[in-house]
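Trainee: Residue numbers (our numbering), protein chains in the order written: chain A, 21 to 415; chain B, 21 to 415.
Worth double-checking, as some hints may not be accurate.
If chains are identical, the list can't say which one is meant, so a pair holds when it fits in one copy or spans any two.
Said to hold, decoys possible - DSBU-like, lysine-lysine: derived pairs with alpha carbons at most 35 Å apart:
no., residue 1, residue 2
1, K272, K161
2, K299, K368
3, K33, K110
4, K114, K402
5, K362, K159
6, K27, K161
7, K299, K33
8, K182, K77
9, K215, K33
10, K330, K245
11, K114, K33
12, K110, K184
13, K272, K159
14, K330, K215
15, K110, K205
16, K402, K363
17, K110, K27
18, K154, K181
19, K205, K409
20, K216, K402
21, K375, K159
22, K382, K181
23, K27, K114
24, K27, K216
25, K329, K159
26, K272, K375
27, K368, K114
Quick caveat, the hints were computed from the structure, so don't treat them as lab data.
There are 2 protein chains.
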Amino acid sequence: MNYQFSKRMSTIKASAIREILKATSDPTIISFAGGNPSAEAFPLDAIRKISNQLLEKEPINLLQYGISEGDNELISEAELFLNRSESIIKENDKLLITSGSQQIMEFTVKCFCNDGDIVLTENPSFIGAINAFKSQGAKVKGIGFKNGQLDVSELERVLSKKIKPKFLYVIPNFQNPMGTVMSLKVRKEILALAKKYGVIILEDNPYGDLRFEGNIIPSIKSLDKDGIVIYAASLSKIIAPGMRIACCVADKAIIERFVVAKQVSDIHSNLWSQKVIAKFLQEYDMDNHLFQLSQIYQRKCQLMYNQMKKHFHPDIIFNKPSGGMFIWVTFPKSVDIEDFIKKALDLKVAVVPGKVFLVDDKEECHSIRLNFSTPTDEQIIKGISILGKLTYNLV
Amino acid sequence: MNYQFSKRMSTIKASAIREILKATSDPTIISFAGGNPSAEAFPLDAIRKISNQLLEKEPINLLQYGISEGDNELISEAELFLNRSESIIKENDKLLITSGSQQIMEFTVKCFCNDGDIVLTENPSFIGAINAFKSQGAKVKGIGFKNGQLDVSELERVLSKKIKPKFLYVIPNFQNPMGTVMSLKVRKEILALAKKYGVIILEDNPYGDLRFEGNIIPSIKSLDKDGIVIYAASLSKIIAPGMRIACCVADKAIIERFVVAKQVSDIHSNLWSQKVIAKFLQEYDMDNHLFQLSQIYQRKCQLMYNQMKKHFHPDIIFNKPSGGMFIWVTFPKSVDIEDFIKKALDLKVAVVPGKVFLVDDKEECHSIRLNFSTPTDEQIIKGISILGKLTYNLV
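Take the sequences, apply the hints, and build the full model.
Mentor: Below you can see the structure in the form of structure tokens.
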């Protein structure tokens with residue numbers, strides 16, 4: 021049979037990164053290509069203990085159908101957790117449990133956009149979000165960075181045009197792929213612009229709790245008094261991604277629509293994960309857990325950065341991030357990045373080209389993204405040394 | 021802020037059944053409204069044992085990111101299981117693990133339909149599927165039943181029109197809500213029509229293994245040699261729905277597109293569930309498990325049917341199903357069904373009006389759906405007696 025696929029799904033390809041990851045299932049390859057949290061940081065003992073107890077005491081609650089909004093106990097615990105240091109959940113808001121933050125990206129575009137509507141993202145940005153927006157027929161337009169911050173003038177130019185975008189997608193903390201942190205000034209400016217032009221902000225905060233240096237900057241959601249911001253809080257990076265649980269906080273009129281989207285998408289999220297995480301948030305000291313976690317990430321980041329300083333050609337530009345999972349590395353324009361990546365893979369080190377994070381991947385990009393959370397310390401030392409030698413051959 | 025939601029999501033409402041179920045969280049209400057499998061049938065000991073072992077031996081495999089296609093071990097086990105008595109997975113096919121069958125409904129419409137394209141369903145049909153199709157902008161057209169079988173003449177009339185539907189959604193075994201089984205003759209006829217007119221069939225088979233009487237009829241997928249059928253095999257009804265795992269089998273060109281849809285929808289399905297189910301399929305005697313399960317369903321079905329025969333007014337029409345979870349009950353046209361349902365709820369018995377399963381819920385419908393898998397035996401006896409008295413008051 022000759023299949024006629026839909027237009028919206030014909031615009032996107034399989035994620036280049038996930039394809040690279042599949043190619044690197046070879047265990048002899050050192051991968052800096054992934055975006056996996058450090059397995060060292062998973063609270064294994066707690067998950068084991070809670071899971072065994074739940075399966076003993078209330079197995080049916082883990083196995084029967086649940087409600088689309090999410091498990092009530094998890095909703096209460098997640099609300100306490102998210103509101104512990106700032107006001108994320110406002111009076112008019114509700115919290116919805118989703119199957120990872122990825123689902124929040126899809127619900128936002130599905131519930132707000134008709135075919136051909138415009139969605140704005142930072143450029144570069146998380147490819148999974150860009151593809152989710154395109155997969156529902158939206159046109160994605162990227163807003164560039166200027167001195168490490170979203171270019172607010174460019175944003176206003178785009179917003180002031182006649183055809184308004186439906187929403188702006190941002191990752192203010194330890195942005196993927198660049199690792200940058202949006203300043204408080206820019207957060208306030210884009211919120212004011214969103215209000216002025218009647219545009220929603222989708223604030224994705226998967227890495228906010230992976231800070232190991234510097235002070236916390238208030239989320240845009242906490243600054244919003246007008247129901248402008250949809251907030252996506254992943255639990256993948258701070259508990260475990262295989263559990264596929266995230267929280268979406270937004271005005272209840274939005275959540276009501278998202279619940280309908282959830283009913284027709286996967287009915288509800290896995291209940292074992294929901295119940296285990298609810299108990300984990302309830303019974304364990306999250307501040308201590310997040311502190312342990314930040315120590316691991318700091319050590320790994322510092323190690324990679326030190327090795328890069330030592331081994332990389334001095335013309336290569338990179339900053340030490342204050343949190344998150346990535347270091348963004350920019351090469352002189354003379355370097356052929358694809359050739360560099362190919363040669364690195366021949367030497368059994370995998371990295372991701374920066375251009376896969378561009379809204380239009382035909383644009384030029386002289387950067388790569390390195391992940392420091394997944395590899396072991398030994399892999400970081402060995403892999404960076406290999407990449408370092410290569411930089412001297414190619415720069 | 022004044023939210024402007026998308027057109028596609030404005031056409032559907034929250035599931036009437038899920039709303040009824042929320043309303044019936046009152047434990048004193050006897051609910052025949054749900055579609056939950058019998059909790060008696062969950063393989064609790066096996067799940068507990070496997071889960072504890074996996075969390076001890078390979079916790080990281082349950083907690084780290086996985087691949088979108090699904091866990092390799094589960095894919096192999098599911099292929100063996102689905103192909104155990106007929107040829108579901110053909111040479112050109114692949115199997116994708118999804119977060120319940122609901123996700124297969126959404127992927128099919130998302131990957132095949134542009135805004136305004138036509139999707140055909142049996143009428144009445146599973147409301148979650150109808151809503152999933154509408155939520156992606158498709159126009160849903162229902163094909164009626166004639167003498168308990170899909171009206172094939174009506175189907176051909178619709179298929180022969182100039183504008184072709186993109187696919188036909190059917191539940192051949194113990195249809196939801198009617199409990200009917202599509203005959204082999206009709207299965208062959210609709211497959212031939214689909215081939216003739218170049219239309220995909222989405223075959224949803226959540227209840228096929230819940231047969232307690234009569235002979236197995238070959239699936240449409242097993243009859244298909246041309247890559248026409250997308251097959252949805254839920255594990256919710258035969259293992260546990262809270263785990264949210266199903267299998268989709270289709271031509272590899274279709275699965276390739278569905279994998280991209282999966283990446284942007286929820287990246288991958290929960291790994292604990294995938295791994296536990298893989299081991300369950302591998303280590304336990306599924307034939308025995310399904311036999312135990314069918315015994316439970318047969319007992320509950322027989323009990324409800326006997327009680328209905330005893331207590332219901334003789335003008336009310338219903339058949340004893342040979343499998344599945346539902347009995348479809350049709351009242352004389354003189355009875356005000358909404359009034360019956362309201363009065364039943366006042367007496368603390370919840371049932372679902374048949375009209376919520378219609379493609380156009382403004383059509384008339386004099387039926388209700390009763391579920392026999394969720395209530396206990398005592399609840400069946402008490403609840404049917406209450407409904408029985410009400411039938412004598414109202415008919």
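Trainee: Each hint needs a verdict: does it hold in this structure or not?
Mentor: Do the hints match the structure? See the list:
no.	hint	in the structure
1	K272 with K161	both (28 Å within a copy, 32 Å between copies)
2	K299 with K368	between (41 Å within a copy, 33 Å between copies)
3	K33 with K110	between (38 Å within a copy, 25 Å between copies)
4	K114 with K402	neither (47 Å within a copy, 38 Å between copies)
5	K362 with K159	within (31 Å within a copy, 47 Å between copies)
6	K27 with K161	both (18 Å within a copy, 22 Å between copies)
7	K299 with K33	between (39 Å within a copy, 33 Å between copies)
8	K182 with K77	neither (59 Å within a copy, 59 Å between copies)
9	K215 with K33	both (34 Å within a copy, 29 Å between copies)
10	K330 with K245	neither (47 Å within a copy, 61 Å between copies)
11	K114 with K33	both (34 Å within a copy, 18 Å between copies)
12	K110 with K184	within (27 Å within a copy, 48 Å between copies)
13	K272 with K159	both (27 Å within a copy, 28 Å between copies)
14	K330 with K215	neither (47 Å within a copy, 65 Å between copies)
15	K110 with K205	within (22 Å within a copy, 59 Å between copies)
16	K402 with K363	within (16 Å within a copy, 74 Å between copies)
17	K110 with K27	between (39 Å within a copy, 28 Å between copies)
18	K154 with K181	both (21 Å within a copy, 32 Å between copies)
19	K205 with K409	neither (40 Å within a copy, 69 Å between copies)
20	K216 with K402	neither (51 Å within a copy, 60 Å between copies)
21	K375 with K159	within (18 Å within a copy, 38 Å between copies)
22	K382 with K181	within (25 Å within a copy, 42 Å between copies)
23	K27 with K114	both (34 Å within a copy, 23 Å between copies)
24	K27 with K216	both (33 Å within a copy, 24 Å between copies)
25	K329 with K159	neither (40 Å within a copy, 59 Å between copies)
26	K272 with K375	between (37 Å within a copy, 29 Å between copies)
27	K368 with K114	between (47 Å within a copy, 30 Å between copies)
Of the numbered hints given earlier, the model fails hints 4, 8, 10, 14, 19, 20, 25; all others are met.
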